[in-house]
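Undergrad: Listed here are the chains, written in short residue letters.
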Amino acid sequence: MTAIVRRSGGNPTNAPDGGLCLALSDMGSSEATLSSAIRTETTFTVNGRRVQMELDPRESLLDVLRERLGLTGTKKGCDHGQCGACTVHLDGRRIVSCLTPAVQVNGQAVTTIEGVAAPDGTLHPLQEAFIDNDALQCGYCTPGQVMSGLACIAEGHAGDDDEIREYLSGNLCRCGAYAGILAAVRETARRTDSRVGEG
Amino acid sequence: MNAPTRRVDAHDKVTGTVRYGADLTSPNLAHAVFAVSTVGKGRVVNIDTAAAEAVPGVLMVLTRVDASELGSPGFVMGGGYGFQSLQPLLDDRIAYRGQPIALVVADTLIAATEAANLVRADYEVEPIAVGLDAEAAETLVQQEAIPLPFLADIVMGDADAAFAESPVRIEATYDLPQQHQVPMELIGGVVGWRGETLVVHEGTQNAGALRGGLARQLGLDPARIEIISPYTGGGFGQKNSLQPHVGPLALAARRLGRPIKFVMPRTQTFHQASFRPASRHRVRLGADETGRLLAAVHEVDQQTSRHDLFPAIYTEITSRLYGIEHFRGRQRLIRTDVQTPGFMRAPFEHPAAFAFESAVDEVAYALGQDPVALRLANDADVDPVTGQPFSSRHLAECLRRGADMFGWAGRTPEPGSMRGADGTQVGWGVASGAYPASVAPAVARLSAAADGKVTVGVDGHEMGQGIRTAIVRLVSEDLSIAAEDVIVYVGDTRVAPQHLTAGSWGTATALQAVHAALRDLRKRLDVADSDPVDVEAAVAATGQAAVDVEATTVAPGQPPEIIEQSRAGLVAFAGPVYPGFTAFSFIAHFAEVRIEPTTRRIRVPRVVSVVDCGRVASPVTAVSQVRGAVVWGIGGALRERSEVDPRYGGFANATMEEYPIPVNADIGEVEVGFVDEPDPLLNPVGVKGLGEVSMVGVAAAIANAVFHATGRRHRRLPIRIEDVL
Numbered sequence: 001m002t003a004i005v006r007r008s009g010g011n012p013t014n015a016p017d018g019g020l021c022l023a024l025s026d027m028g029s030s031e032a033t034l035s036s037a038i039r040t041e042t043t044f045t046v047n048g049r050r051v052q053m054e055l056d057p058r059e060s061l062l063d064v065l066r067e068r069l070g071l072t073g074t075k076k077g078c079d080h081g082q083c084g085a086c087t088v089h090l091d092g093r094r095i096v097s098c099l100t101p102a103v104q105v106n107g108q109a110v111t112t113i114e115g116v117a118a119p120d121g122t123l124h125p126l127q128e129a130f131i132d133n134d135a136l137q138c139g140y141c142t143p144g145q146v147m148s149g150l151a152c153i154a155e156g157h158a159g160d161d162d163e164i165r166e167y168l169s170g171n172l173c174r175c176g177a178y179a180g181i182l183a184a185v186r187e188t189a190r191r192t193d194s195r196v197g198e199g
Numbered sequence: 001m002n003a004p005t006r007r008v009d010a011h012d013k014v015t016g017t018v019r020y021g022a023d024l025t026s027p028n029l030a031h032a033v034f035a036v037s038t039v040g041k042g043r044v045v046n047i048d049t050a051a052a053e054a055v056p057g058v059l060m061v062l063t064r065v066d067a068s069e070l071g072s073p074g075f076v077m078g079g080g081y082g083f084q085s086l087q088p089l090l091d092d093r094i095a096y097r098g099q100p101i102a103l104v105v106a107d108t109l110i111a112a113t114e115a116a117n118l119v120r121a122d123y124e125v126e127p128i129a130v131g132l133d134a135e136a137a138e139t140l141v142q143q144e145a146i147p148l149p150f151l152a153d154i155v156m157g158d159a160d161a162a163f164a165e166s167p168v169r170i171e172a173t174y175d176l177p178q179q180h181q182v183p184m185e186l187i188g189g190v191v192g193w194r195g196e197t198l199v200v201h202e203g204t205q206n207a208g209a210l211r212g213g214l215a216r217q218l219g220l221d222p223a224r225i226e227i228i229s230p231y232t233g234g235g236f237g238q239k240n241s242l243q244p245h246v247g248p249l250a251l252a253a254r255r256l257g258r259p260i261k262f263v264m265p266r267t268q269t270f271h272q273a274s275f276r277p278a279s280r281h282r283v284r285l286g287a288d289e290t291g292r293l294l295a296a297v298h299e300v301d302q303q304t305s306r307h308d309l310f311p312a313i314y315t316e317i318t319s320r321l322y323g324i325e326h327f328r329g330r331q332r333l334i335r336t337d338v339q340t341p342g343f344m345r346a347p348f349e350h351p352a353a354f355a356f357e358s359a360v361d362e363v364a365y366a367l368g369q370d371p372v373a374l375r376l377a378n379d380a381d382v383d384p385v386t387g388q389p390f391s392s393r394h395l396a397e398c399l400r401r402g403a404d405m406f407g408w409a410g411r412t413p414e415p416g417s418m419r420g421a422d423g424t425q426v427g428w429g430v431a432s433g434a435y436p437a438s439v440a441p442a443v444a445r446l447s448a449a450a451d452g453k454v455t456v457g458v459d460g461h462e463m464g465q466g467i468r469t470a471i472v473r474l475v476s477e478d479l480s481i482a483a484e485d486v487i488v489y490v491g492d493t494r495v496a497p498q499h500l501t502a503g504s505w506g507t508a509t510a511l512q513a514v515h516a517a518l519r520d521l522r523k524r525l526d527v528a529d530s531d532p533v534d535v536e537a538a539v540a541a542t543g544q545a546a547v548d549v550e551a552t553t554v555a556p557g558q559p560p561e562i563i564e565q566s567r568a569g570l571v572a573f574a575g576p577v578y579p580g581f582t583a584f585s586f587i588a589h590f591a592e593v594r595i596e597p598t599t600r601r602i603r604v605p606r607v608v609s610v611v612d613c614g615r616v617a618s619p620v621t622a623v624s625q626v627r628g629a630v631v632w633g634i635g636g637a638l639r640e641r642s643e644v645d646p647r648y649g650g651f652a653n654a655t656m657e658e659y660p661i662p663v664n665a666d667i668g669e670v671e672v673g674f675v676d677e678p679d680p681l682l683n684p685v686g687v688k689g690l691g692e693v694s695m696v697g698v699a700a701a702i703a704n705a706v707f708h709a710t711g712r713r714h715r716r717l718p719i720r721i722e723d724v725l
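Residue numbers (my numbering), protein chains in the order written: chain A, 1 to 199; chain X, 1 to 725.
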């Protein structure tokens, strides 16, 4: 990985619709160099597939997934980390990909909604439960809800309804499918638990 | 039964394989971003794009478009196509904060964003009016400003005299704020040219208006425009017309010879698209000592923009919720310096029902009567406005069944009388709602193929309400074929005109057309009108590869030629008053609120909603529709207000963090019931509307519950912690 990273990762203003550019233009002389060809070689895996790319350090993981890798299942709802539609897993942990500079995932494993079902197309039990409980309407927030639901269960935060609601409240659903989402995560968590018990 | 019991597109949605407008990617896409006005009103006197143009990768910075290249789309409620008539970039005028002043197109989104932020403008600033009370706002009497019959004041009897003589009188003013629809899918998509044909991929509720409006704006033959919108990631009214970004993108794409992707930043969706206008309601209700409502006066002031008159249609339901003999409505429009406000779920009915149903609750308390009993006693036998029968009206059944499901009988009537062990104040409230049952003209094309599959192309847009599921159910039930054998195309101008899907007429409209086409298909297949059909065998017997039929349907009383208005992309719906009957959907909501003793946080642990929407076309998606609408009602009652600053205009909380839509933890149990009685008059399928009526009255039920919990009446939404301290 080349070392030209102008801003440290995780800066919450690093949103491609204005935050970073405004912040840098406030710094005056940096304007001229912003778009010079700073490229950082980045290697990571997406859904098990190795990806190696030259990235502009300002590119978010979300935009790289969608615009460069064609993985459009991950959605942009706000680009500010406020809605959860862009939730993916990074080394098994849920993150909002819009606030994650793509260069920062170097050496790490990204899982998107496209990587949740089995390669033969068999759905994950949580995806099945989303269908069974009609946990969606327009479907736009759904990939993020599924990724957060998986993480919520894996984190051990699906103990009761209130806990599930709390730990899924970073994922907004304007259609208001919350009751179905809750039911889907609850059902899947119980199934997972009973499997562990049987184990 | 072959009909699907689950949402037919759910699989594709949980796997992320559904393609929304902006999901199109191709190596030669260019990316667009708008620079926007930082002042609330005035004139651009100088604009400097040099720095923006110098950004590597920038292809174009467009600050002005000639009117000969791009005209006004016209206002969707004024015989046009746009959410507003004002088309940015045509002149130097700034009508509202956030109005686009330049379009930047670049090879990458990063470059376009950076360049847009480098566009610098100098303005001549003018004073602004942002709210109903602003000094510079201009007040218009609607029926004088827009002399159309359906916008005239509704007047029955002599309401003022009857009110003055009523032994029990309630008079109060209710305030509702500006709000934003905030669909999860950002506005935008991909605009490009295939030879001489303009192709637009964008999530919309009105592909017909995009085509008709772009044809008007660009001087194109509509046959040379394709709008492809199979899935919309939520609309809620904000995507119900042509947005002003599309025309400039079409011009830019033609000049560059490249398709352009545009995804409107969330903050800009608060300023470059419609919103629910602020409204103020003065309600007077007169009753006798038995609780009989004698007179109602409902006067409304509603915000509009300087450049368009967004009509106010609040009294359409309040004149009909009850059998009140004397009614007087008055609606005024207040011009302010904003983009044109528009439709947001239950656009008029949610505010109107909050005001009116709060006032009805006040009458019940003034008389010491049970709020459910008072409503039942005032039910209407016929449409009080026209004297016609309702096509169907089961509001009383909604109230009775809802009261049972909720356990209303266990309520103690005195405010403040129900408390939790920890001092939590508990309140139970009720409210009714209604929503006009409109219908639009539609074209349905069915193709039965030799492999047994039936392909449907029909007017309608899938915004999440489940229209695709309802269509598949109708076809698979009718022919007794598997759901998997029904393929549905909606939101696509290549298969049907794609009239606006809004106003809760979408499902009734599409199903009526598909139902008619199914009758034709059976004739062409030479099969009986109702038995199961072996499509494969029936098609084979015709000796053709496929049998195609096309049916056009219109609303009751509409002339057949109204379809031409729809083909032109113009709004062409009818209702709720039809020849011989009046059609509305009805609902009753019961809400429990709990106000925590220390934090004073207001929670809504449970809601019961019982709906009369005619026949339930698709049970699974219908329940979700109602639950979602209750979530909207909770947001409207307790959370959502678009904050304005009188000094600067625009909206101050234009992010998803600061515009607080409900989250999962805000929502408790929502129990849904359906009367499920087919409407006998509106259409052969028996379906009325559902998506909007489901929100009407939720906020009133919650506010009434807050009163029951605390003894304090709240007449301004949202009700927040600071209001119940």
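What the hints contain is simulated information worked out from the structure, not anything from laboratory work. Accuracy of the hints is not assured; some may be wrong.
What the hints assert, rightly or not - Derived coverage of chain X by chain A (criterion: at least 3 residues anywhere in the stretch with Cβ under 8 Å from a Cβ of chain A; other residues may be distant):
id, stretch
1, 183-190
2, 557-568
3, 650-657
Every residue, glycine too, gets a C-beta built ideally from N, C-alpha and C.
Undergrad: The structure should be examined with respect to each hint, and the outcome stated for every one.
TA: Verification of the supplied hints:
1. 183-190: holds (count 4)
2. 557-568: Coverage by chain A is violated for the stretch 557-568 of chain X (0 residues, Cβ < 8 Å).
3. 650-657: Holds, because 3 residues of the stretch 650-657 of chain X bring their Cβ atoms closer than 8 Å to Cβ atoms of chain A.
Checked against the numbered hints above, the structure violates only hint 2.
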